[in-house]
Each structure stands twice: as C-alpha cells, then as structure tokens.
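J.: Sequence:
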Amino acid sequence: MLEYILNDHIFVSYTCPYLWFIGAAVVLFFEVILDIKAPYGRYNTTNGGIPVRLAWFIQELPSFVIPCYILYNNWSSISITKLIIISFFLIHYFQ
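In short: position in the sequence shown from 1, add 122, done, that's our numbering.
Careful, some of the hints might be misleading.
To be verified - Derived DEER-like restraints, expressed as beta-carbon distance ranges: (1) 216 with 153: 32 to 38 Å; (2) 132 with 155: 14 to 20 Å; (3) 142 with 179: 20 to 26 Å.
Calculated directly from the structure, the hints in this document are not laboratory data. Being a predicted model, the structure only gives us computed values, none of them experimental. Positions of the beta carbon are idealized from the N, C-alpha and C atoms, including for glycine.
Please put together the full structure from these sequences, using the hints given.
T.: See the structure below:
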C-alpha cells in the first residue's frame, strides 16, 4: 500500500501539499486561537513530557527507516553511486 502511494506521482504532487497546509492550519489554530504555550523555555514545567532522548529518537527514526526500506525494496536497481551516497547519510546516525 505504501509503495503504491509513493509511486503514484499524482498523489504525491497534488495531495501532499494540501495535507501539509491542513496540518499547518491545525497547528496555527491550537497555537494562536487557543493560546497554548509550548512547554519549553520559559514555559517549561517539571510535570512530565517525553524524555529528550526518546523524543529525539522518535523524531529521527523516519529519516533512518525510510531510506533503509527503499534500499531493501530496490536493491537490484540501485547504482553504486546512489548506494555510496545513501550509505554516508545512514552512517552519520552512528557517529
């Protein structure tokens, strides 16, 4: 299913920008209209939240998993140049 959606250029070209716009509108609504303050900086509270290392891991996980998934599914058609470039990108996570 995911492979079909990513290969459908009409979906990617026309639908994804609308989804980003809707997402930005939702964030803007919560931030401006409801006057919600972000719990960091001077609004920081000590009553919870996601641990910093876990939050960073979750944030960076798609950047690592998606190239690995693409490599796994397209291994036979990947040139050596593309393999080297994506290898450098993936290796920088293990520094």
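J.: Each hint should be assessed against the structure and marked as holding or not.
T.: A quick look at each hint next to the structure:
1. 216 with 153: 32 to 38 Å: Holds, since residue 216 and residue 153 (Cβ atoms, about 35 Å apart) stay within the stated range.
2. 132 with 155: 14 to 20 Å: violated, 33 Å
3. 142 with 179: 20 to 26 Å: Holds, since residue 142 and residue 179 (Cβ atoms, about 24 Å apart) stay within the stated range.
The structure shown violates just one earlier hint, number 2.
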